[in-house]
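Colleague: Chains as they are written, first to last, in the working numbering: chain A, 1 to 390; chain B, 1 to 760.
Source of the hints: derived by calculation from the structure; they are not laboratory data. Treat the numbers as computed from the prediction; the structure is a model and nothing was measured. Even for Gly, the Cβ is constructed at its ideal location relative to N, Cα and C. Mixed in with the good hints there might be a few duds.
[Said to hold, decoys possible] Covered by chain B, per the in silico footprint, the following chain A stretches (three or more residues, Cβ under 8 Å):
| id | stretch |
| --- | --- |
| 1 | 168 to 176 |
| 2 | 180 to 186 |
| 3 | 218 to 228 |
| 4 | 378 to 388 |
[As the list claims (entries may be wrong)] Lysine to any residue pairs mimicking SDA-like chemistry, simulated, CA-CA at most 25 Å apart:
| id | chain 1 | residue 1 | chain 2 | residue 2 |
| --- | --- | --- | --- | --- |
| 5 | B | K718 | A | K190 |
| 6 | B | K718 | A | S272 |
| 7 | B | K752 | B | F728 |
| 8 | B | K89 | B | P64 |
| 9 | B | K718 | A | S83 |
| 10 | B | K718 | B | K412 |
| 11 | B | K718 | A | T218 |
| 12 | B | K718 | A | D73 |
| 13 | B | K228 | B | S441 |
| 14 | A | K229 | B | Y639 |
| 15 | B | K730 | A | K112 |
| 16 | B | K412 | B | I557 |
| 17 | A | K187 | B | E582 |
| 18 | B | K583 | A | K229 |
| 19 | A | K112 | B | Y639 |
| 20 | A | K332 | B | R631 |
| 21 | B | K730 | A | Y234 |
| 22 | B | K274 | B | V349 |
| 23 | A | K190 | B | E586 |
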Amino acid sequence: MDEEPERAKRWEGEFERTWELLVEDESGSLKPSVEDILFKAKRKRVIESQGQIRLGMMRHMYIVLDASRTMEDQDLKPNRLTSTLKLLEFFVEEYFDQNPISQLGIIATKNKRAEKLTDLAGNPKKHIEALKRAVDTTCSGEPSLYNSLSLAMQNLKHMPGHTSREVLVIFSSLTTCDPANIYDLIKTLKSTKIRVSIIGLSAEVRVCTVLARETGGTYHVILDESHFKELLMYHVKPPPASSSSECSLIRMGFPQHTLVSISDQDSKPSFSMAHLDSTVGPGLTLGGYYCPQCKAKYSELPVECKVCGLTLVSAPHLARSFHHLFPLDAFKEIPLEEHQGERFCEGCQGDLKEQNVYICPSCESVFCMECDLFIHDTLHCCPSCVHSQP
Amino acid sequence: MKLNIDGLLVYFPYDYIYPEQYSYMLELKRTLDAKGHGVLEMPSGTGKTISLLSLIVAYQKAYPLDVTKLIYCSRTVPEIEKVVEELKKLMEFYEKMTGEKQNFLALALSSRKNLCVHPEVSSLRFGKDVDGKCHSMTASYIRSRKQQNPGVQLCRFYEEFEALGRQVPLTAGIFNLDDLKAFGRQKGWCPYFLARYSILHANIVIYSYHYLLDPKIADLVSKELAKKSVIVFDEAHNIDNVCIDSMSVNITRRTLDRTQSNIETLQSTIQKIKETDAAKLREEYSQLVQGLKEANVARETDVYLSNPVLPDEILQEAVPGSIRTAEHFVGFLKRLLEYLKSRLRIQHVVQESPPQFLKDIYEKVCIDRKPLRFCSERLRSLLRTLEIADIADFSAVTLISNFATLVSTYSKGFTIIIEPFEDKTPTIANPVLHFSCMDSSIAIKPVFERFQSVVITSGTLSPLDIYPKILDFHPVTMASFTMTLARTCLCPLIVGRGNDQVAISSKFETREDIAVIRNYGNLLSEMSAIVPDGIVAFFTSYQYMENIVASWYEQGILENIQRNKLIFIETQDAAETSMALEKYQEACENGRGAILLSVARGKVSEGIDFVHHFGRAVIMFGVPYVYTQSRILKARLEYLRDQFQIRENDFLTFDAMRHAAQCVGRVIRGKTDYGLMIFADKRYSRSDKRGKLPRWIQEHISDGSLNLTIDETVQLSKHFLREMAQPFRKEDQLGLSLLTLEQLQSEEMLKKITQIAHQV
Chain A
1 MDEEPERAKR WEGEFERTWE LLVEDESGSL KPSVEDILFK AKRKRVIESQ GQIRLGMMRH
61 MYIVLDASRT MEDQDLKPNR LTSTLKLLEF FVEEYFDQNP ISQLGIIATK NKRAEKLTDL
121 AGNPKKHIEA LKRAVDTTCS GEPSLYNSLS LAMQNLKHMP GHTSREVLVI FSSLTTCDPA
181 NIYDLIKTLK STKIRVSIIG LSAEVRVCTV LARETGGTYH VILDESHFKE LLMYHVKPPP
241 ASSSSECSLI RMGFPQHTLV SISDQDSKPS FSMAHLDSTV GPGLTLGGYY CPQCKAKYSE
301 LPVECKVCGL TLVSAPHLAR SFHHLFPLDA FKEIPLEEHQ GERFCEGCQG DLKEQNVYIC
361 PSCESVFCME CDLFIHDTLH CCPSCVHSQP
Chain B
1 MKLNIDGLLV YFPYDYIYPE QYSYMLELKR TLDAKGHGVL EMPSGTGKTI SLLSLIVAYQ
61 KAYPLDVTKL IYCSRTVPEI EKVVEELKKL MEFYEKMTGE KQNFLALALS SRKNLCVHPE
121 VSSLRFGKDV DGKCHSMTAS YIRSRKQQNP GVQLCRFYEE FEALGRQVPL TAGIFNLDDL
181 KAFGRQKGWC PYFLARYSIL HANIVIYSYH YLLDPKIADL VSKELAKKSV IVFDEAHNID
241 NVCIDSMSVN ITRRTLDRTQ SNIETLQSTI QKIKETDAAK LREEYSQLVQ GLKEANVARE
301 TDVYLSNPVL PDEILQEAVP GSIRTAEHFV GFLKRLLEYL KSRLRIQHVV QESPPQFLKD
361 IYEKVCIDRK PLRFCSERLR SLLRTLEIAD IADFSAVTLI SNFATLVSTY SKGFTIIIEP
421 FEDKTPTIAN PVLHFSCMDS SIAIKPVFER FQSVVITSGT LSPLDIYPKI LDFHPVTMAS
481 FTMTLARTCL CPLIVGRGND QVAISSKFET REDIAVIRNY GNLLSEMSAI VPDGIVAFFT
541 SYQYMENIVA SWYEQGILEN IQRNKLIFIE TQDAAETSMA LEKYQEACEN GRGAILLSVA
601 RGKVSEGIDF VHHFGRAVIM FGVPYVYTQS RILKARLEYL RDQFQIREND FLTFDAMRHA
661 AQCVGRVIRG KTDYGLMIFA DKRYSRSDKR GKLPRWIQEH ISDGSLNLTI DETVQLSKHF
721 LREMAQPFRK EDQLGLSLLT LEQLQSEEML KKITQIAHQV
């Protein structure tokens with residue numbers, strides 16, 4: 001959250017009518033500025049996602065990337081595709097940062113077909129590489145929601161029940177070319193408990209609205225690039241774990257990485273189990289993670305053991321996902337006039353100037369909105385609470 | 001919630017109310033208080049129907065002596081059903097709040113076709129057949145014949161109703177068409193006659209315009225309705241045309257041929273009766289000598305809605321001697337027919353006034369004015385005497401006799417135009433005699449005179465002041481309401497130029513211009529790339545649409561558009577159109593996206609709503625002027641100028657703009673809906689055109705959205721669509737465009753509400 005998302009250059013932006021924004025609103029009804037609505041939505045999201053809602057810790061998500069003709073549109077700079085890929089790279093990093101024991105896969109759709117760019121895997125590097133490679137793809141034809149969703153479904157439906165199954169669609173086109181009735185597919189998705197969320201790049205499409213509503217996902221349409229980023233980041237946080245999902249104790253293995261040097265006589269290079277079925281990637285390696293149960297070797301974590309089915313993670317991964325189970329309470333929002341006491345924010349030490357201030361319910365410290373968002377989105381603990389603890 | 005509308009307690013069945021609904025009720029109350037007529041314009045989708053019903057029902061309950069009945073006229077059966085649904089909600093609310101059963105009867109009335117429960121008759125497909133079949137089983141002489149001949153088939157539902165139904169009035173309740181049918185089946189009574197009988201004592205009647213405006217039907221159904229009724233014409237923007245159509249007659253050669261055979265049947269039947277039952281004819285004769293006095297008595301006591309076809313004077317006179325006997329009358333009809341035939345045998349267009357026509361008919365075949373005036377009454381009497389069951393077969397001769405009565409009764413407000421061929425096909429002889437009504441006030445006059453309050457309302461009635469002029473009445477309230485919005489969900493844009501700066505317009509001089517057609521194509525193709533789901537495009541006429549689509553095909557524009565969306569076309573064939581419409585909706589539903597090309601004044605532009613994704617944008621290509629070369633129109637314009645001081649151009653523009661407003665209004669069907677309204681013609685920028693749009697559209701047209709190029713339109717649209725796609729919840733509306741009772745009662749809000757209504 002270091003850089004304020006860069007606004008597009010003035011001349012690159014939409015054809016703006018700045019003079020109209022100044023129109024004083026006498027009736028009190030016209031043009032409630034969109035920013036205001038957005039602000040509220042932003043704030044709402046914080047409140048909604050808070051409370052003692054248990055969030056899913058392990059996630060399996062497919063990103064469906066529209067690579068159709070419309071992605072060449074230049075309303076995002078330099079064009080929709082490049083801009084999207086850049087943001088997705090950032091998203092992938094954030095995703096694994098916040099959900100280390102989760103997995104991700106990427107599907108691209110164009111020319112009425114869907115193809116997998118990467119398989120479900122827990123290593124950000126591979127995905128980022130694939131995204132970088134995708135910059136050069138030519139965008140052509142129409143996307144197919146049906147094909148990409150059914151491809152994602154085939155892969156996701158075998159995932160264990162205690163994890164979340166999600167699809168995030170980045171949808172640029174306004175049409176979809178489907179081989180069969182998509183409403184049947186939506187029913188199947190619903191019954192297999194796959195959440196489909198969509199980010200639209202152009203406008204609200206009916207079928208997406210239904211798709212998101214039926215499967216329990218969200219549907220948003222971007223306003224500009226910074227809004228796009230915000231919407232993407234929204235998906236970094238795991239969705240609430242549904243009560244119907246299995247919640248049993250899960251056996252997990254914590255393999256240690258064994259490093260072996262070439263000079264060691266005993267060492268023999270061996271295949272990593274993860275690479276057995278994929279043709280690409282390194283073949284023989286020396287060191288790796290060995291499953292504590294069956295000793296199968298893996299080169300990356302987290303992974304489900306191909307041999308004995310044990311979930312293999314590392315301890316720090318688990319720790320970082322842990323906070324989703326115990327989210328920080330939402331701060332109380334009160335108008336500035338009603339607030340007595342400190343006139344500066346506990347977090348950034350800046351003056352409180354906005355309409356509302358936010359108060360931590362346990363330590364009663366005051367924060368400004370920016371800090372409030374920062375604490376809930378990134379820190380996950382109230383700094384002054386932590387500070388006051390011995 | 002319970003509202004206090006200017007001292008009147010109104011039950012409103014919802015927890016929230018739109019500010020404009022409150023304002024609307026205030027105006028309506030003023031109209032009822034003054035016992036006068038009103039013209040009210042309120043945007044569609046803002047709950048007009050429930051406001052009307054809530055207020056009038058409350059008024060009826062508060063002042064049962066001042067307003068005894070509400071007659072709600074709507075256009076189509078689905079609309080009628082919708083009104084009944086709202087009314088049911090209202091009554092449920094009443095019952096919940098007061099805790100007692102309401103003694104209130106409301107019912108919908110429709111044609112026999114929609115109400116018949118007779119297993120054989122109701123299976124017939126056409127309304128005309130159902131009417132004919134029903135008549136042949138229920139007419140009084142058929143029923144009396146039953147006594148002599150038990151083999152005659154009667155309708156058992158009607159018999160049962162006759163025997164029992166009339167004594168017991170329909171119990172209180174709200175009946176839609178299906179309820180009536182179910183009730184009829186249960187009791188074994190005919191729902192149609194039950195409904196027709198029950199409207200006399202019902203508190204609310206909901207039926208189609210024609211039951212009041214078409215003199216032939218109004219006479220049968222509505223003439224006994226109480227004077228202290230409130231009449232509401234909903235969706236009344238076309239009411240003048242309905243009035244005119246109900247008084248006009250078109251006669252073609254086919255009609256005359258069928259009349260010929262009708263007359264022959266009449267003649268042979270008379271012959272037969274004469275041999276068997278001459279007394280009957282004599283009896284009829286003596287009745288006719290007495291004149292139509294009985295009808296006159298009824299009218300004087302003000303029980304009946306007067307029939308404009310049958311003017312008062314006629315009733316005081318006896319039927320003239322020349323047509324009193326049946327044979328003479330048939331002979332008279334024959335002469336009339338021959339005369340009409342000779343008139344249709346012409347090579348050039350003739351236009352004349354009714355007096356000219358009468359003079360000519362007198363000179364040629366010695367038919368006087370007086371017998372002509374009695375023609376339709378006389379025919380009715382004859383058909384009754386001859387006991388001809390199947391009236392449907394005699395529609396041709398009835399038409400001719402109606403024409404004869406009308407032409408001899410009205411010397412003003414009508415014109416006769418005889419055209420030997422249609423304008424489009426000058427080589428094919430297809431003579432038509434148009435007897436055309438030019439004064440819409442004639443048909444509606446009895447309604448205004450008879451009933452205490454008549455309210456004309458619609459989403460698009462601008463400019464309001466023209467309706468009182470053309471319908472010739474004096475309203476006590478004329479108001480237009482705006483739509484209060486929490487977000488500007490409609491975006492009217494006027495596109496005046498292509499990207500090449502060539503002005504686009506459908507005006508006659510440039511409509512064939514290739515640059516204009518290309519620019520129209522570009523506009524549609526650009527819009528198809530950025531608007532999601534459905535787009536509806538309206539052209540000014542079928543012919544223009546065909547031309548444009550053909551040249552888009554040649555230029556390859558059509559192919560470009562089809563890459564983005566499917567294309568469907570409205571045709572003059574109703575079955576084809578409804579098929580196209582169905583597929584269009586399917587394509588919008590499953591994400592394929594579609595464009596519907598249709599025609600202003602067509603079926604799509606009038607009756608079909610494109611809610612939400614079914615219409616995200618509507619494009620109006622050109623200004624939908626009526627075909628100005630039509631002689632009927634020319635005559636009407638002349639008449640309007642002479643009689644009402646309405647300039648031709650004003651009326652034409654008014655007519656074009658109301659249709660344009662109707663077309664674009666199809667996309668916004670509520671406050672959560674949103675849509676683009678694109679007017680693709682340079683001429684819309686002019687204030688004389690723009691000023692005639694409804695106020696709720698006009699106030700969103702800023703100077704910045706006039707005369708745009710296609711590029712600018714695309715930019716603005718893109719922005720609008722993205723903004724509208726942002727989440728929109730009920731809370732965002734609350735307090736601005738949706739009010740709770742507390743919010744409504746605040747000083748500030750009441751002040752704002754007074755600004756919503758715009759008095760003319």
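Colleague: So, for every hint listed, does it hold in this structure?
Modeller: Hint check:
{"no.": "1", "hint": "168 to 176", "verdict": "holds (count 3)"}
{"no.": "2", "hint": "180 to 186", "verdict": "holds (count 3)"}
{"no.": "3", "hint": "218 to 228", "verdict": "holds (count 4)"}
{"no.": "4", "hint": "378 to 388", "verdict": "violated (count 0)"}
{"no.": "5", "hint": "K718(B) <-> K190(A)", "verdict": "violated (32 Å)"}
{"no.": "6", "hint": "K718(B) <-> S272(A)", "verdict": "violated (50 Å)"}
{"no.": "7", "hint": "K752(B) <-> F728(B)", "verdict": "holds (23 Å)"}
{"no.": "8", "hint": "K89(B) <-> P64(B)", "verdict": "holds (21 Å)"}
{"no.": "9", "hint": "K718(B) <-> S83(A)", "verdict": "holds (18 Å)"}
{"no.": "10", "hint": "K718(B) <-> K412(B)", "verdict": "violated (55 Å)"}
{"no.": "11", "hint": "K718(B) <-> T218(A)", "verdict": "holds (22 Å)"}
{"no.": "12", "hint": "K718(B) <-> D73(A)", "verdict": "holds (12 Å)"}
{"no.": "13", "hint": "K228(B) <-> S441(B)", "verdict": "holds (21 Å)"}
{"no.": "14", "hint": "K229(A) <-> Y639(B)", "verdict": "violated (65 Å)"}
{"no.": "15", "hint": "K730(B) <-> K112(A)", "verdict": "violated (38 Å)"}
{"no.": "16", "hint": "K412(B) <-> I557(B)", "verdict": "violated (51 Å)"}
{"no.": "17", "hint": "K187(A) <-> E582(B)", "verdict": "holds (23 Å)"}
{"no.": "18", "hint": "K583(B) <-> K229(A)", "verdict": "violated (37 Å)"}
{"no.": "19", "hint": "K112(A) <-> Y639(B)", "verdict": "violated (61 Å)"}
{"no.": "20", "hint": "K332(A) <-> R631(B)", "verdict": "violated (74 Å)"}
{"no.": "21", "hint": "K730(B) <-> Y234(A)", "verdict": "holds (23 Å)"}
{"no.": "22", "hint": "K274(B) <-> V349(B)", "verdict": "violated (44 Å)"}
{"no.": "23", "hint": "K190(A) <-> E586(B)", "verdict": "holds (22 Å)"}
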